[in-house]
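Chemist: One-letter residues, chain by chain:
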Amino acid sequence: MSGSHRGDLRGLHVAVDSPVHRLDPAAKLVGTVAFAVVVAGTPRHAAVVTVVEAVLLAVVVAVSRIGARRVLARLVVVMPFVLFALTIPFVAHGPRTEVGGISVSTEGLWAAWNVVAKTTLGATAAIAMSASTPLPSMLEGMARLHVPRVVVAIVSSMVRYVELLAAQLARMRTAMVSRGHDPRWLWQVGPVAASVGMLFVRSYERGERVHGAMVARGFTGTLVVSDRPAVATTDWVVALLPAAVSAIAVVVWVVGR
Amino acid sequence: MLVAMHAPDGFLGPGVAVVTAVISIVVIGLALRHASAELDDRQVPLAGISAAFIFAAQMFNFPVAAGTTGHLLGGALAAILLGPWVGALVVAVVVVVQALLFADGGITALGYNVLNMAIVPAFAGWALFLLWRKVMPRSSGGVVGAAGLACGMTVVLSAMAFSIEWLFGATAPIPFDTVFGAMVGVHALIGIGEGLLSALVVGAVMAARPDLVTGARDLSAEEIGDRRHVGARAFAIGGVLVAVVFAVVVSQFAFDDPDGLERVAQDTGFLDRARDHAVAGSPFADYATRGIGNAQLSLAVAGLAGVAVTLLVAYGLATATRRVSPRRSFHATSSS
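Protein sequences appear in the order of chains A and B.
If you're matching positions, the first sequence starts at 390 in the working numbering and goes up one per residue.
If you're matching positions, the second sequence starts at 78 in the working numbering and goes up one per residue.
Hints in this document: simulated from the structure, not taken from any laboratory.
Virtual Cβ for every residue (Gly too), placed ideally from N, Cα, C.
Any given hint could turn out to be false.
[To be verified] To spell it out: a stretch of chain B is covered by chain A in this simulated footprint if at least three of its residues, at any positions, have a beta carbon under 8 Å from a beta carbon of chain A; those stretches are:
#1 119-125
#2 178-185
#3 213-219
#4 285-293
My request is simple: use the sequences and hints to build the entire structure.
Modeler: Here's what the structure looks like:
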């Protein structure tokens with residue numbers, strides 16, 4: 390709900406040099422999604438496997454030199470879900486156990502662990518990817534994974550203008566405050582909505598001007614994406630390693646039970 | 078549960094994640110095709126900057142009460158301003174970027190997050206907007222009132238959609254009733270704020286550039302100029318009506334706590350065996366049906382909610398498909 394993390398696109402990429410940063414963006418995207426899928430599919434009772442996944446992710450974060458503190462700071466996004474998870478053992482049904490003298494649902498405890506583990510691991514993987522990949526590379530990676538060109542172009546023009554529109558909104562807010570409004574409260578919803586409406590009109594008109602400028606420069610509907618050499622096999626292997634090891638761990642756990 | 082909109086990884090079962098992902102990909106693929114028919118080569122800058130607008134508008138936080146802040150969700154608003162196809166596409170882009178770049182919503186949860194936050198709001202919101210337009214006067218005020226009511230109700234529909242997905246893919250032993258009651262209850266309150274804010278945003282755009290409101294394209298110049306406060310009264314009456322309906326639905330669940338006998342039966346595991354008959358062999362997640370006081374009634378409510386959401390989305394899709402006409406670009410020349 391709180392939104393200080395949103396829109397700050399400049400703070401996303403951590404510009405240090407590391408093997409994770411040098412990995413091909415297309416391979417990194419696939420590796421991250423594959424890892425998130427394996428994490429989401431890990432049986433909740435396989436706590437050992439979750440620990441293996443956490444260690445793998447910790448290694449990736451350490452190698453990437455993003456900084457654990459930065460990752461933790463950005464994990465604030467998932468806090469509401471962690472807090473929600475902590476309430477599960479108390480509201481859940483089913484057989485109950487005593488923890489420190491309080492009666493809680495046994496399966497509720499497992500469910501809480503499930504939400505906390507998967508939420509944290511999935512979010513950390515996404516954070517590690519976005520922190521180690523500059524936005525243009527990420528878009529290029531998407532294009533090379535055969536995400537439709539139009540989608541890539543829409544996303545790229547979106548990320549290009551987010552900060553500008555956010556700054557425009559901030560200026561409108563400053564203007565409101567200097568006219569004596571106090572846009573922090575619900576009863577100020579009128580002027581707040583009026584500036585959001587104006588932001589829409591300005592955004593749309595900006596879109597039309599940008600389109601005109603693009604057409605004048607020979608735009609035909611799709612953006613040209615620079616051609617990089619094909620993804621090296623080693624990049625695929627390295628990027629898919631955490632997901633593969635986790636998947637093997639899941640299989641071993643399921644078979645060995 | 079308040080923020081279950083940006084659900085994280087593994088929040089719902091893998092089956093639901095896969096099915097909703099397939100639905101979302103198909104609908105967004107259709108939206109892409111319709112958007113490029115409507116916008117032509119203006120699609121890239123216009124959809125991109127509109128997505129940036131939704132992103133920026135969601136950053137405008139203001140405190141609601143007791144330390145919680147509220148912000149615009151914007152799914153139905155985007156549909157009313159940009160049309161349902163472009164609206165769905167734009168909000169889907171926002172949801173995907175939030176998941177990939179900000180870890181706001183899980184990557185494997187994108188299927189149901191896009192469905193609940195982009196597709197259901199855009200099409201059900203559009204359908205509700207058209208339906209409310211029919212009972213509202215043909216004027217600026219009528220459009221604003223219809224927009225407010227549609228946007229507010231859409232928030233609750235999204236919450237219902239999530240609860241129904243929970244019925245199929247619950248990952249915690251919290252029964253469907255509890256989830257449904259909590260989600261619909263909380264989101265009815267959020268919906269009031271969303272409806273109010275969206276109505277005022279549409280009003281502001283109607284005052285400045287009425288031609289940019291796709292949902293008001295059919296109004297003549299005189300009707301747009303008719304800015305009497307019909308909207309305010311209709312909005313208030315409609316809002317109270319909607320609130321009463323939701324209050325009745327929610328109260329059904331709020332007082333549905335298991336009574337003493339059921340509690341004993343539950344603790345001894347007797348109820349589990351007893352209920353096995355009611356829902357045995359159903360596709361519903363075991364967790365979501367455990368501990369429901371009255372399985373038949375709850376599933377009936379789930380069914381009704383599911384039918385309502387599906388019908389509205391289908392109606393929105395149908396009307397959206399009917400209206401594919403290239404946008405008149407008379408405003409393209411009037412802009413600076």
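Chemist: Indicate, hint by hint, whether the structure satisfies it.
Modeler: Hint by hint, here is what the structure shows:
no., hint, result
1, 119-125, "holds (count 7)"
2, 178-185, "holds (count 7)"
3, 213-219, "violated (count 0)"
4, 285-293, "holds (count 3)"
Of the numbered hints stated above, the single one contradicted by the structure is hint 3.
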